Amino acid sequence: DAGITQSPRYKITETGRQVTLMCHQTWSHSYMFWYRQDLGHGLRLIYYSAAADITDKGEVPDGYVVSRSKTENFPLTLESATRSQTSVYFCASSESDRGLYEQYFGPGTRLTVT
Amino acid sequence: AQSVSQHNHHVILSEAASLELGCNYSYGGTVNLFWYVQYPGQHLQLLLKYFSGDPLVKGIKGFEAEFIKSKFSFNLRKPSVQWSDTAEYFCALKEGGNTGKLIFGQGTTLQVKP
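The listed protein sequences derive, respectively, from chains A and B. So the first sequence is numbered by my numbering: it starts at 1 and just counts up by one. So the second sequence is numbered by my numbering: it starts at 115 and just counts up by one.
Just chain A, same shape as in the assembly (with noise of 0.2 Å):
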């Protein structure tokens, strides 16, 4: 059972560059989250999914674009990368099943941009 997985787990990229992080869970979860992690900020949410095809902006959405076309796959991309998206970012699901939202989260990507 995998689970919850993230790739790529460590990503350096220069400015200005497009980068995309992947998540992939093999529960089949309606839920999806993306979370940067920064110290000093505890975490921050950036996009969610409710289901496939359907998406919604979080706490700081703005440099970040999310797709999920599939129930298993919400990726999240940097379409410009900044300096200050340098973070690790984690991706986490869950279901609502039964009234539960525990969330479930990925080992986490560490992406630096130089």
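Note that these hints are calculated values from the structure, not bench results. No experiment lies behind these values; they were computed from the predicted model shown. We put the CB at the ideal spot given by N, CA and C, even for glycine. Treat the hints with care, as some may be off.
Stated by the list, open to error - Here are the computed lysine to aspartate or glutamate pairs in the EDC-like style, where the Cα-Cα straight-line distance is at most 20 Å:
| # | chain 1 | residue 1 | chain 2 | residue 2 |
| --- | --- | --- | --- | --- |
| 1 | B | Lys175 | A | Glu102 |
| 2 | A | Lys57 | A | Glu95 |
| 3 | B | Lys163 | A | Glu102 |
| 4 | A | Lys11 | A | Asp38 |
| 5 | A | Lys57 | B | Glu209 |
| 6 | B | Lys175 | B | Asp199 |
| 7 | B | Lys163 | A | Glu95 |
| 8 | B | Lys185 | B | Glu134 |
| 9 | B | Lys163 | B | Glu180 |
| 10 | B | Lys163 | B | Glu202 |
| 11 | B | Lys185 | B | Asp168 |
| 12 | B | Lys172 | B | Asp199 |
| 13 | B | Lys172 | A | Glu102 |
| 14 | B | Lys183 | B | Glu209 |
| 15 | B | Lys163 | B | Glu134 |
What the hints assert, rightly or not - Part of the chain A face toward chain B, derived, beta carbon under 10 Å:
| # | residue |
| --- | --- |
| 16 | Gln6 |
| 17 | Gly40 |
| 18 | His41 |
| 19 | Asp56 |
| 20 | Gly58 |
| 21 | Glu95 |
| 22 | Gln103 |
| 23 | Tyr104 |
We have chain A already, so just place chain B on it with the hints.
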């Protein structure tokens, strides 16, 4: 607006000491509450959750939390901490409605000295 507040930002304890981390929330509706733990360099993992029923919730690794509705609190406790409990701890509240979103506190860093 819903919010979660963790008053202790950094806690330092010696092994075998008792632990209590504070979590207060702001929400007038039915609450679903969670505690997550993030060990150094790892992703968030669910420690325990409260949905209804017994306000004293037991989780993994000897942790428990008590939901006190009158105080809007959901404090995390452990009678005797170990060095391996060194981690960051996040309290979270499910957002009202069906967004699936969790509202996270800022986190508390626990350092256990051997």
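Starting from Lys57 of chain A, check that the Cα of Glu95 of chain A is at most 20 Å away, please.
Within the cut-off at roughly 19 Å; holds.
Between Lys163 of chain B and Glu202 of chain B, is the straight-line Cα distance small enough, at 20 Å or below?
17 Å, holds
For a C-alpha distance cap of 20 Å, please report whether Lys175 of chain B and Glu102 of chain A respect it.
18 Å, holds
Pair hint outcome, Lys172 of chain B versus Glu102 of chain A [Cα-Cα no greater than 20 Å]
Answer holds: Lys172 of chain B to Glu102 of chain A is near 16 Å, not above 20 Å.
Hint validation: Asp56 of chain A versus chain B, beta carbon distance must be below 10 Å. Holds or violated?
8 Å, holds
Given the hint that Lys185 of chain B pairs with Asp168 of chain B, test it: the Cα-Cα distance must not exceed 20 Å.
Holds: Lys185 of chain B and Asp168 of chain B sit about 16 Å apart, inside 20 Å.
Pairwise hint evaluation, Glu95 of chain A against Lys163 of chain B, where the allowed Cα distance is 20 Å at most
Distance ~15 Å between Lys163 of chain B and Glu95 of chain A Cα, so the pair holds.
Pair hint outcome, Lys175 of chain B versus Asp199 of chain B [Cα-Cα no greater than 20 Å]:
Satisfied, since the Cα-Cα distance of roughly 9 Å is no more than 20 Å.
20 Å limit on alpha-carbon distance, applied to hinted pair Lys11 of chain A and Asp38 of chain A
16 Å, holds
Interface hint for His41 of chain A, Cβ within 10 Å of any Cβ on chain B:
Interface hint status for His41 of chain A: holds (8 Å vs cutoff 10 Å).
Was the hint right that Gly58 of chain A lines chain B, CB cutoff 10 Å?
OK, holds: Gly58 of chain A within 10 Å of chain B, min 8 Å.
Next pair to validate is Lys172 of chain B with Asp199 of chain B; report whether the Cα-Cα distance is within 20 Å.
Status holds; Cα separation ~16 Å.
When the structure is compared with the earlier hints, no violation turns up for any of them.
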